[in-house]
Amino acid sequence: MIYRENGQFKTSYGADQQIFPIAQDRYLVLAIIAFAFIGVPFLADEYYFRAILIPFLILSLAALGVNLLVGYCGQITLGAGAFMAIGAYAAYNFLIRVPHMPLLGALILGGLSAAGMGILFGIPSLRVRGLYLAVATLAAQFFADWAFLRIKWFTNDSSSGSVSVSNLQVFGFPVESPVEKYLFCLALLVVFGLLAKNLTRASIGRQWMAIRDMDVAAEVIGIRPMWAKLSAFAVSSFFVGVAGALWGFVHLGSWEPAAFSVDRSFQLLFMVIIGGMGSIVGSFFGAAFIVILPIFLSQILPALGGLVGVHVSTTVASHMELIIFGALIVFFLIVEPHGLARLWVTAKEKLRLWPFPH
Amino acid sequence: MKIRSLALAFSLAAVGITSTVTAPAAFAQAKEQFFPVLVYRTGAYAPNGTPWANGYVDYLKYVNAKGGINGVKLSFEECEFGYATDRGVECYERLKGKNGGATVFQPLSTGVTFALTDKAPVDKIPLITAGYGRSESQDGSVFAWNFPLLGTYWVGADVAIQALAKREGGFDNLKGKKIALVYHDSPYGKEPIPLLQERAKMHGFNLTLLPVAHPGVEQKATWLQIRQNRPDYVLLWGWGVMNSTSLKEAQATGFPRDKMYGIWWAGAEPDVKDVAEGAKGYNALALQHSAEPESKIVKDVLETLYAKGQGTGEKADVGSVLYMRGLISAMLGVEGVRKAQERYGKGKVMTGEQTRWGLENLNLDQKTLDAMGFAGVMRPVQTSCLDHMGSSWVRVQSWNGSKWVVNNEWFQADDKLLRGMVLNASRKYGEEKKITPRTPEQCKM
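Heads up: the protein sequence lines correspond to chains A and B, in order.
Here this note's numbering is used: the first residue of the first sequence is 2, the next is one more, and so on.
Here this note's numbering is used: the first residue of the second sequence is 26, the next is one more, and so on.
Hints listed in this document are in silico derivations from the structure and should not be mistaken for laboratory results.
Hints may be right or wrong, so weigh each one.
Unchecked claim - So the derived label-pair ranges between C-beta atoms look like this:
{"hint": "1", "chain 1": "B", "residue 1": "K469", "chain 2": "A", "residue 2": "L323", "range": "46 to 52 Å"}
{"hint": "2", "chain 1": "A", "residue 1": "A45", "chain 2": "B", "residue 2": "G96", "range": "32 to 38 Å"}
{"hint": "3", "chain 1": "B", "residue 1": "G122", "chain 2": "A", "residue 2": "I39", "range": "22 to 28 Å"}
Beta carbons: idealized from backbone N, C-alpha and C, even for Gly.
Please model the entire structure based on the sequences and the hints provided.
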């Protein structure tokens, strides 16, 4: 009843082609963004910012990038962690080696470096596809691991191989306290989210989807596979690279290559698969599922045990966390193979008819 | 429909439980000194993380059983992070404000230590890294909140070279010798490299660096290199399963185990137990203590906790090397609080900032240690503003096939060499982070 577009007439092409053609959607998203900017800083405490919200925002951005490549262009990648690392280390080097380098400039340049490497490691996609491509992109992961562990120049000759940044600021505003960091990440995520959505609606996104759905047919109707695939790799790596730089700069503050290990690549791929391939909102669902659920479980299990009078030790809680987490992944993949985003779409369909389904 | 009601029920239950759980916590009285415990009882490093955590928690329980610190009881909460840096940071954020605020953090992970070093000064919580962490953080004038008590990796590396020199009959005899460092490829394993390079320059031995990727179960290539290079000695800088794998590979390669020297994190029971006879003769440094099942403190703990069924772990593990390290780590934190109470009021709960003062002015002489039951386990520890390490006594122990045997010869790191390196590195860090080192006057505050 509430969610019904009756009476909303579109009188121009612009109105018909906007991102959220239904008014309720539009207002809901605007309300969520407004709440995230204005409401959350007053409601959340430091723990929520540092341990949950900031990682969630940054990994959402990374998942968004992976989704552009995997979900929209159909090129499976296992190198996302590597591109995060490249983004982080490149941004770090730009920041410390170029005098007066602004933070945003370093982040963008970090993203661009990742994009460059993305194109390089995307070249195999012109010949191989599917699982073979996934294995080929794994090479990026090992290359990045090796480079940042072995080439001392990248880590500014730090003896332990760990690098760190501090005193971050943007346009004279410090990015130090949790709220500032949160707002900074949120602002970037909103900009990049809008960018991603519009890219997928534009000609380039349609080319990616055509390649994903059937590359031979796409080629026949005049889409250049090389351009489409490599641009997808570049854009995706740019997003992931910026996310990696944020992960190092804003979330960790000091990091080592292990922060961007192959586990991270898998994690990002899982986010996209669980959240929903080829769906912008799915990236956020997937990131929320993977970031928040384990932390939630590790806190709720001892508490649950306490309620029924059982002392749950740290070991048991930690094992239970993995078991439940794994079981939920299997559950969602069986019940809804198209990801959480599809559940959301189904819910919206039902809401349109609710409460009179017939 | 079913899914939706299920999801609804789940989220409702979750919300309900969260609110009931968090509510009483807010009312918990702040009269207790809160010790957060970062542990890894699961994951690749669990065999080493578990005894450490048991020792740590046992000592806190033991202090409580003995009436607390001048009457102040201790509370503690574990947080499992599986040696993953990001989860460790999450645990830190989760626990730092709980129960009236964390007293001190001891992450038992060099990666987490690096990540927390920037956060500790902001949150005003000291960081004890007994036997690990950043080596340059010994300089308390720059690293006001880091306490690498008892020893750093540079101390370890320095003593290892001294032990080799002793065995060869003097530093001069090290000239031309080949020494290989087999290390965990992480900040932990890389820490000793600058010092070893410095020593290599001084004494003219050849240093070969052989990194092993996390978690260290794949070392065939590394040991092939050792077989080709035939180094005179191998220094082992591993953690967890990497150590036992190294020893097995050494056995397979035929490298004499008695020419292998491990750091104190490669010198515990889980590292050698599986290899047993194959590791016979293997040497490892002992960060003051070794396995101490006969010490008075262990007997006290057994009597006060385990006899009543209140122990945290297995009775058989009490007194093992890593258990002792956890126990001593907890003891250092507790003694920091006790020292702080002398200044800020006995029987009061100390804040992180007050504990920091206590740790910086720690003075555990042999008499105090003996009275606490640490006779034969530890040597005195005395910290100051400039020296946050407090002592650099190290012994060498060797595995006889079934247990660790300590050689009762005490080594100490070369202070002249270390001091210069520490100051150089800490000044560099201070410049990067725009920290002005504290002056002696500021130190007294």
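Hints, one by one, checked against the model:
1. Checked against the given bound of 46 to 52 Å, the beta carbons of B/K469 and A/L323, roughly 50 Å apart, stay inside it.
2. Remark: the range hint 32 to 38 Å for A/A45 to B/G96 is upheld by a beta-carbon distance near 37 Å.
3. For B/G122 paired with A/I39, a C-beta distance near 24 Å keeps the hint of 22 to 28 Å intact.
Violated hints: none; the structure is consistent with every hint.
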